[in-house]
Each structure stands twice: as structure tokens, then as C-alpha cells.
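Colleague: For reference, the chains in residue letters:
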Amino acid sequence: MIDVEQVITQLNQGQLFEYSGGVHPPQQKSLSNTTPINTIPEPEVLYIPVKQHIGTQGSICVTVGQHVAKGEALTQSSNPFAVPVHASTSGTIRAITPHPSAHPSGIPEMTVTLEPDGHAQWQLMPLLSDYMHLERITLLERICQAGISGLGGAGFPTHLKSNPQKPVECIIINGIECEPYITSDDRIMREHAWQIKQGIDILRHIIKPKHIIIAIEDNKPQALDALKTACLEDNGITITSVPTKYPSGGEKQLIQVLTGAEVPHDGLPIDIGCLMYNVGTCFAIADAVLHGKALVQRVVTLTGQALGHPQNVWALLGTPISHLLNIAEYEPSKQQAQKVIMGGPMMGFTVANDTVPVVKITNCLLVPDKQELPDIEDERACIRCGLCAEACPAGLLPQQLFWHSKAKEYDKAQAYNLDACIECGACAYVCPSEIPLVHYYRKAKTDIKHIALEKEKSEKARVRFETRQARLLADKQAREEKHRLAAEARKKSMDNKGNDAKDKIAAALARAKAKRAAAQNNSSTDSDK
Amino acid sequence: MQFSLSSSPHNRVRRDTGQVMRMVGYACIPGVLAQTWFFGWGTIIQIALAMITAVVTEATILELRKKNVSRGIRDYSAVVTALLLGICLPPLAPWWLVVIGTFFSIAIVKQLYGGLGFNMFNPAMTGYVVLLISFPISMSAWLPVQSMAQTSFGFFDALSMIFTGFTQTGYNLAQLQLGIDGITQATPLDAVRTGLLSGMTYSETLSASIFSSDWGWSYGWSSVALAYLLGGLVLLQQRIINWQMPISMLFGVILTAGFLSMLSPDQTGSITYHLLSGAVMFGAFFIVTDPVSGSTTDKGRIIFGLLIGFWTVIIRTYGGYPDAVAFAVVIMNIAVPLIDYYTQPRVYGHKS
Amino acid sequence: MTLLTALLIIGVLALIFGAILGYSAIKFKVEADPLVEQIDALLPQTQCGQCGYPGCKPYAQAIANGDEINKCPPGGDATIKNLADLMGVEPKPLDGDHGVEDVKKVAYIREAECIGCTKCIQACPVDAIIGASKQMHTVIIDECTGCDLCVAPCPVDCIDMVPVAPTTQTWQWELGKGVGDIPIKQVQ
Chain A
22 MIDVEQVITQ LNQGQLFEYS GGVHPPQQKS LSNTTPINTI PEPEVLYIPV KQHIGTQGSI
82 CVTVGQHVAK GEALTQSSNP FAVPVHASTS GTIRAITPHP SAHPSGIPEM TVTLEPDGHA
142 QWQLMPLLSD YMHLERITLL ERICQAGISG LGGAGFPTHL KSNPQKPVEC IIINGIECEP
202 YITSDDRIMR EHAWQIKQGI DILRHIIKPK HIIIAIEDNK PQALDALKTA CLEDNGITIT
262 SVPTKYPSGG EKQLIQVLTG AEVPHDGLPI DIGCLMYNVG TCFAIADAVL HGKALVQRVV
322 TLTGQALGHP QNVWALLGTP ISHLLNIAEY EPSKQQAQKV IMGGPMMGFT VANDTVPVVK
382 ITNCLLVPDK QELPDIEDER ACIRCGLCAE ACPAGLLPQQ LFWHSKAKEY DKAQAYNLDA
442 CIECGACAYV CPSEIPLVHY YRKAKTDIKH IALEKEKSEK ARVRFETRQA RLLADKQARE
502 EKHRLAAEAR KKSMDNKGND AKDKIAAALA RAKAKRAAAQ NNSSTDSDK
Chain B
662 MQFSLSSSPH NRVRRDTGQV MRMVGYACIP GVLAQTWFFG WGTIIQIALA MITAVVTEAT
722 ILELRKKNVS RGIRDYSAVV TALLLGICLP PLAPWWLVVI GTFFSIAIVK QLYGGLGFNM
782 FNPAMTGYVV LLISFPISMS AWLPVQSMAQ TSFGFFDALS MIFTGFTQTG YNLAQLQLGI
842 DGITQATPLD AVRTGLLSGM TYSETLSASI FSSDWGWSYG WSSVALAYLL GGLVLLQQRI
902 INWQMPISML FGVILTAGFL SMLSPDQTGS ITYHLLSGAV MFGAFFIVTD PVSGSTTDKG
962 RIIFGLLIGF WTVIIRTYGG YPDAVAFAVV IMNIAVPLID YYTQPRVYGH KS
Chain C
44 MTLLTALLII GVLALIFGAI LGYSAIKFKV EADPLVEQID ALLPQTQCGQ CGYPGCKPYA
104 QAIANGDEIN KCPPGGDATI KNLADLMGVE PKPLDGDHGV EDVKKVAYIR EAECIGCTKC
164 IQACPVDAII GASKQMHTVI IDECTGCDLC VAPCPVDCID MVPVAPTTQT WQWELGKGVG
224 DIPIKQVQ
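Chains as they are written, first to last, in our numbering: chain A, 22 to 550; chain B, 662 to 1013; chain C, 44 to 231.
So that you can see chain A by itself, here it is in the shape it has in the complex:
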């Protein structure tokens, strides 16, 4: 548990902590952060995936052909891990089918296809302007119903995070945005600092932390000023400028930078009394509570040298990226192979095609030109230079993880704490042999998960098989027992009734014998004739 008083004193004295490792990739932020967030025309069609967060998906509560209003829920569920998705604008539902997903694999997932009617007719939820006098459960309910999950990247349901079972020392508002190129948080902080402050106030009312820290990287001075102005008369909020280094915006790294404490490897930030929210999430919370608006849009950075007009836009959730690429004047000829990265250059993934939709965690579309981010060459032999270990913010030995992951020696990889890897990409960024280290780790991690799942499944099958065997055996024994008992009963009843019964049987047998003999005689006489 952190000592929040001491942390605040240290922050006020300008004292921050360092984490080992980290890298300084070229920032490239000025490409897109010079113009205000653009409001763009609606696309002709929206593809809204029914699951856009970590957890379970709700059941679809609309039908094809149905007309929906902007902000109307498309899914519902009573499961606390389900967060609804909403119609991003008013229009008609054209299909509910699998559609290529905003996921590295691009595997189709269940998606609602919505054709906008052009009116953008809102269906607002009742305003909760007087939230200071409302129960926290009402507010949590609203945050859940508005479909808010972490907009920073992980997509964890916000209402679950905001209902901790442990005391909260401090809330950290993450305005770091350490990935190169991305400026969506930067722009939203500059332009909507007040609403972010409102969101923070709501969170403060719900969670009642001892203090709130807003952390912003020192390459965003305007955003820092804007939030400082917004929080001017608030003593419960400390705004801190953090030196630019990748990946300071990682949850664990930022907690370490601000408090000097580390999240235990098998725990969550709440275990040391911290909760972290992205600035975009705070904005969305204020929208949901004070304006009754569900989460239907987010800021997306469109950037990269292959775009004629890089900018930040308000994109409706479900907007196919082709629409955004058109708006930013995508020039495919500037690329060797057509490639669009969703997210930043360090942790983003390439999307499968241009119909992939914007989802809640889409903060950036990066379209690099030929020279900007050239395709990696073939990996070369590892020369054990150790640059990766110096770059690793988690204190791992990426080389050992690499050897063991590649050789599929997963138990050894786990002994080197593979699961502590946050896949930030710092190791692969510095590797002179251009080994796609993170790819090996991801492969190993999913394999380990898969093996564990299989193990669990086979264990279940074994139990079911054995139970069935036992049941069959019991059935058989029961049957035999029944037969035996019946036989015994018969025998007993014969014994009880004594000679009488025996005689009857004997007489019956004698009769049968006589009959057979007679028949035989007849037949023999017949043949004699």
C-alpha cells in the first residue's frame, strides 16, 4: 500500500522515480497535433462489433430491419462483465453477421451493420447532473449502461474498475500517451480539459480516493497548461509532468514513476491502493453522466507520412477505416505494400482490410510511407549483446525468454517470468539482429494459455469419462444384483412352498416329456406307414 501523503509531498517537490529500461523512439507527434479535433461526416455504413471490451459479450437485442436511435443499446446483459454497445448514430440495422474484427488476426466476429439515416437522432439517457447526491451504485450503473470501457487500450469495463473492494489511496489519471505518433489524448486534453475535470469529479465522488494525480508527459505542455487551468482551485488534484520515455504510459511503469511502488506480480494496482484511468475515459464518463450520452464516438489520430492530411477526428464507433483514410487523403502509392497500423508503432497491430471498424480502444490509425517504418528484414542470429535487457522496463532478460520461447520450452520461459512481459516492444525496437522478440513472446504466451486450457478440458473429460465408467459399472452391478436377488427370491419361494411346488414343476415337466414322446411316436408311426 502506498503512502499517499508522502507521494504528494514528493511530487510537489518535483521528485519522480525512475524505472529501469525504456527507450526513446522518435516522437513524430507534431504530424497530427497541430490542428483541432475534426468533426467528420458520417460514413455510409457502420460496422459495430458486439464485443469491444475485455469480458463477456451481451446478447443482441435488436433485429435486422429495425430502426435505432443514436445511443440506443444494441446488446444487453445482466452479467457484470458485459458492457453494452450502442448504435453510433440513428439508422436502420441491415445485418447482424460476422465481420472482420479490429484484432491482429482479423478473424470475423459478430457485428451489427448499421446504415445511418443521416439525422443522427439521439436517444439520451436521463441526465444525472445532480450526481453529488446520488448513490454510487446509480452512477456505476450509468457508466456500465453507457458502454464505457477503458479507452486507453486494454478495454477493461470501467464500472468494474470503479467498484473496488479495497481502499483506494489515489486515482491516477493517465495523460502520458507515450507511444510515438499518437496525439488523441493530447488533443482531447487541450480542447476538453473542463469535461475531463468533470469526469474526474464524478470518479472522485464514486470512489472517494484520498488524492488524485494527473500525469502528463513533458512533451505536451499545452495539454498540461489546459488541465492546470481546469484544476486550478482543486486542492485534491496534483498535476505532474513526467519526462518523456517509452513506455512511461504503461500502467505499472507510471505507478512506479509517480509513487516508487511496484504492483505485485500477481496483483493489480488496487493492491497498492492505486486506480488508473485514461483521460479519454474521464471525458466519456462526464458525457454519460452529465449529458446522458452513451459512448458512441472517440478521438482517433490519423497519422503517418502516407496520409496527405494527418489529423485527429471524432470517429463514430464502427466507422470503417476506409472512411477515415479517405478523409485523411490516404495515398497508397506512398507505401511499398498497403499497410495500416491500428494503434502506435510500438504496440499497434496491422489491420486485415479497410472494412475493419473503429472500436472503443482504437486511438490511432498509423499509415507509414516507404521510408518511415520499413518492413523488418529477416531476423539474424542473436549476438547476445544485451541491449534488450537494458531496454526492458520490466527487468526481464528478453534473450532468455527468446531462446526458450523459440524452442517452445515454455516451463523455462515461465521460470524467467514470461508473464511479466507487457509486450511494449522496447526489446525488439533496440535489437540489432532485428529479431521480432515480442512476436515470439506473444506466441509463447498464447500457447501456454492454450495448453492450460487443453489441460483443463482434458481433466474435465477424464473426470466425466471416469464418472461414466463408474456409473456404467454401478448400473451393471445393480442389474446383476437385481437378477441375483430375483433368482434368490424364486429359489426361496420354492423352498418355502416345499414339495408341493416341486411336485407341480415335476408334474409339469413329466407332462411336457410325455407330450414330446407321444409326438415322437406319432411321427415314427407316420414314417412306418
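Any given hint could be a false lead.
Just a sample of chain A residues kept apart from chain B, beta carbon distances all over 12 Å, derived [unchecked claim]:
| id | residue |
| --- | --- |
| 1 | Gln49 |
| 2 | His88 |
| 3 | Gln97 |
| 4 | Pro201 |
| 5 | Gly288 |
| 6 | Thr371 |
| 7 | Asn542 |
Listed below are several chain C residues computed to face chain A (Cβ distance under 8 Å; list not exhaustive) [stated by the list, open to error]:
| id | residue |
| --- | --- |
| 8 | Thr45 |
| 9 | Cys91 |
| 10 | Asp170 |
| 11 | Thr211 |
If you only want the chain A side, here are some residues facing chain B, beta carbon under 10 Å, derived [claimed, not checked]:
| id | residue |
| --- | --- |
| 12 | Gln359 |
| 13 | Leu394 |
| 14 | Asp399 |
| 15 | Pro457 |
| 16 | Arg463 |
| 17 | Lys466 |
| 18 | Ile469 |
Hints in this document: simulated from the structure, not taken from any laboratory.
Quick reminder that beta carbons are idealized off the backbone N, C-alpha and C, glycines included.
Using the hints, position chains B and C against chain A.
Modeller: Okay, now just chains B and C, sitting in the frame of chain A:
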């Protein structure tokens, strides 16, 4: 529109293995120039011979192993190995010596273990040790610093010496080695060692012939060492090598030499003498910093370097050979897995 | 006398060492699963019987008694390797007589065609099919091991073995082999 896929991170530092190796090569230039200045053209010829042998051997073996030959050559690791070995060999050693040594380094020490990245031992130093043990006479064929020798000879003399064993004017090596007063001139390390073995004290050996010229004691050797120090500092500044290994190795030498000379000043050289003679400076920046066969953790590198420094001085003082950097490196290569295992950094969120 | 001393010393030593050995045998006893249990834990528990034994446990018993380790197609090379490690023998390629390694499948009953004969229910080794006589049957997908044993008994042939499609949750970042996999170039 379908898009092409790739794996994150999508951007990378544009400094690949080949560039790193080439930088190491360039950083050797001051040292090689100094060595050529003081010891003649032999060094350059040895380096060229070693490089040719290395590239041919590497290419042949990569071909045999059905690997991409041009990619393998273009990582420049074989060239750097050859360069380092060539620098260490006596300038006038016969040609077959360098060929055997380089072949052993590349074929046995590196490729037999699985190629770049898999060799347990430092290829150049293991090749050197093999030569030193197998051909001790040829390996001590160092000439006195040129300015001290009576007969100076040029590029073609060196070439002829290496390939035929005689200079153009018909002198052989032994005749060249006979110095000013008819005493065989060896390296300062040899001289001190011989002196100490024959019962002289350290200060007495220093006043012997090799040190008694106008140039002060082993002016040539220490200048070469300082030239390598210069190259090493460039590598440090460019962040091609880590500071841990070279600094801790020099520290190891200083500590051990300091301790021993306090214990028996007559039997061991001074700290400066140990630092500036033989291969210590060159080794600290160009040999122990070989990443493949060295330790990979920060703490491990410090231990690795310290112990190399320690063994260097110990073997120089008590062992059978005058210089010991190669032996110390090879000994510590063996210990690397153990060092790495016990110096793992603390992982985030885990207790130490 | 000397002889006696020597005997005595040896005897006492024998007693002491015997006591130490006996003590450590109890104190440091290694609790090991019986071999059959350990083998059984490595088998995939599909209970498909392709090995020629009526289930995984009987095959585990057979391996413990010296049968070959390469008769399990659902487990494939991974299981063979694990078994080889456990048994301390060399891994062998899968015995083709018992089938080939296939993608993971589950049974699917075309419900319109099901006549409710319960034959598949009796065949299922893990009770993953529910239904009753003259009623439609269905497969509990999560419990199905893909063993294939229900397909043959079905009189109207209404059971299909459907490959399990990867989802975004189960997708495995293959190293550039299948469709949708991210190509990376690795050195062998």
C-alpha cells in the same frame, strides 16, 4: 482493400549487427596504426591474411551448413574476429600460423558450436590460446620497437619474412631479434618475466637493456595501449559496447596488481606497468566486450570483467606465460552461464 | 582383541549408517504419482479409442506395461514428446495405423434429421450428448472431446465432425503458417 500484416513493434533502431561490427573494426584503427608505426608492416599483413582466411572459412562452412552465405558474411563478425586475432599475433610470425589460428577460430570455435551467437568461447582468444600452446616459439616472435632496433626494414621485408622466413637481405628472425648488445629482445612482459625468474627484482629488470633506451620503458607498447584506449572510448561514447566490462576489467587489474605489489613489490610489476603492457588495454575494450561469449546481465558483466582482470594479473605473475589476457578471457567464458544464472535482475513486481 | 575392536567398530558404523539411511528414507521420501496416473495426465483424454484401448486410462496402463507411446493421434507429436520425456525413451513418429493428427473437431448433430435412437448417447465416452428416446439429441459443445465415436453408430448419419474455428480469444499468433497469420521471417 486487403492490407499486408506485420508484427509490432513496427519501428526499430536502424543499427544492425553488421554496423556494430564495422564500428568495432573502425575503432581498432588508431591502435593498428600505432602498432604498425612501432612494429612495422607485419601487423597489417597479418590482419589481411587473417581476414582473407576468415571470410573464406566462414563462407565455406556456411555453404556446407546450407545457410545464406552473403548474409552470414555481411554481419562482419568473421572479419572482426580475424582483425582481433591478427592484431594479437607477432607481426613477423610465419603465414601458416595466422591461417591455422583463424581457421581454428572460425571453423571450430564459432561455426562448430552453431555459428554467430552460439559460440561459448571468444573465437579470437581461443584461436590465440591454441596457437600459443601449439607454437610457443613462433608466437613469441615479437621484434623490439622499431626505433630501438639496429636494422629497420620495410613492407617488403615484412612480407618476405612472413612468407619465407627471411628478409629481402637474408636475415632471419633470430638475427633480427638480436638487439643492441647481443641479448635477445623480447616484449617487456617477457623481459620482466625472464628477469624475475632469474632472481632479479622488478626494479632491476626495469633497468635492463630493453628499457634502457632513450624512449623510456616500453614507450612503444604503452603508446599502442593508449591508442587502443582511444578507440575503446569512441566505442563507449557511441554506445557500441557497455561500460561495465572494460571498466571493471581495468579495475580488476588495478586492484589485483595493487594488492600484489603491496605484498611483494620486488616480485610484481606496478599498476601502470600491468595496465599499459601487453594486451590489457586492447583486451578491455575489444576482447572482453565480445557480447556473444560474455555475460549478459549488468551485474554479471561487472563480475566477468573484474575476474578477467584478476586472472590476467595472477597468470602474468605466477603462471607459465608472460601475458594472460587470452587465458583469462577463455577461463571466464566457461563461467558465464553460472554468472548469468546468479545475477538475474529483479523482475518488476517480484521480490528480490 | 584387535579383531574384536575392528568388528565392533564396523558393527557400530553399520548401525549408525543404517539408522541414517532408514531415517532419510522416511524423512526425504519422494511422493510420486503412480506411473499410470502420470501417463494418464499427459494423454489428451479424448477417450477416442484410436489407440486400440477403450479409453485413455487403459492406454496409460498399457504404456506402463511396456506398450508403444506413439499410438495417440489426438495428442500428436506433443503428447508423444511428453510421454517420451516421462518414460525416458526416444520420441517416435506417430504410428500411422492408429490414425493421423488432425485439427481439433467437435461433433455436431443435424437436429432436423435426428430420429432419437439414443445410440450416440450410449457411444459417447464423456456423456456429452443429451437427449432421450424418440427425442432430438444435441451435443454439449464444451464437453465434446471430438473422439468421433458417435458418428458410426448413428443410423441416419446425421452427425458431423466440425473443425473448431479459431476465435480472437483462441488465435495463437502462429509464426507465419496459416491464413491471417502475421508473416515474420525467422532464421532456423
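Colleague: Work down the list of hints and note, for each, if the structure agrees.
Modeller: Results for each hint:
no.	hint	in the structure
1	Gln49	violated (9 Å)
2	His88	holds (31 Å)
3	Gln97	holds (34 Å)
4	Pro201	violated (7 Å)
5	Gly288	violated (8 Å)
6	Thr371	violated (5 Å)
7	Asn542	holds (95 Å)
8	Thr45	violated (57 Å)
9	Cys91	violated (10 Å)
10	Asp170	holds (5 Å)
11	Thr211	holds (4 Å)
12	Gln359	holds (5 Å)
13	Leu394	holds (5 Å)
14	Asp399	holds (7 Å)
15	Pro457	holds (5 Å)
16	Arg463	holds (8 Å)
17	Lys466	violated (14 Å)
18	Ile469	violated (17 Å)
Hint check: violations occur at hints 1, 4, 5, 6, 8, 9, 17, 18; the rest are consistent with the structure.
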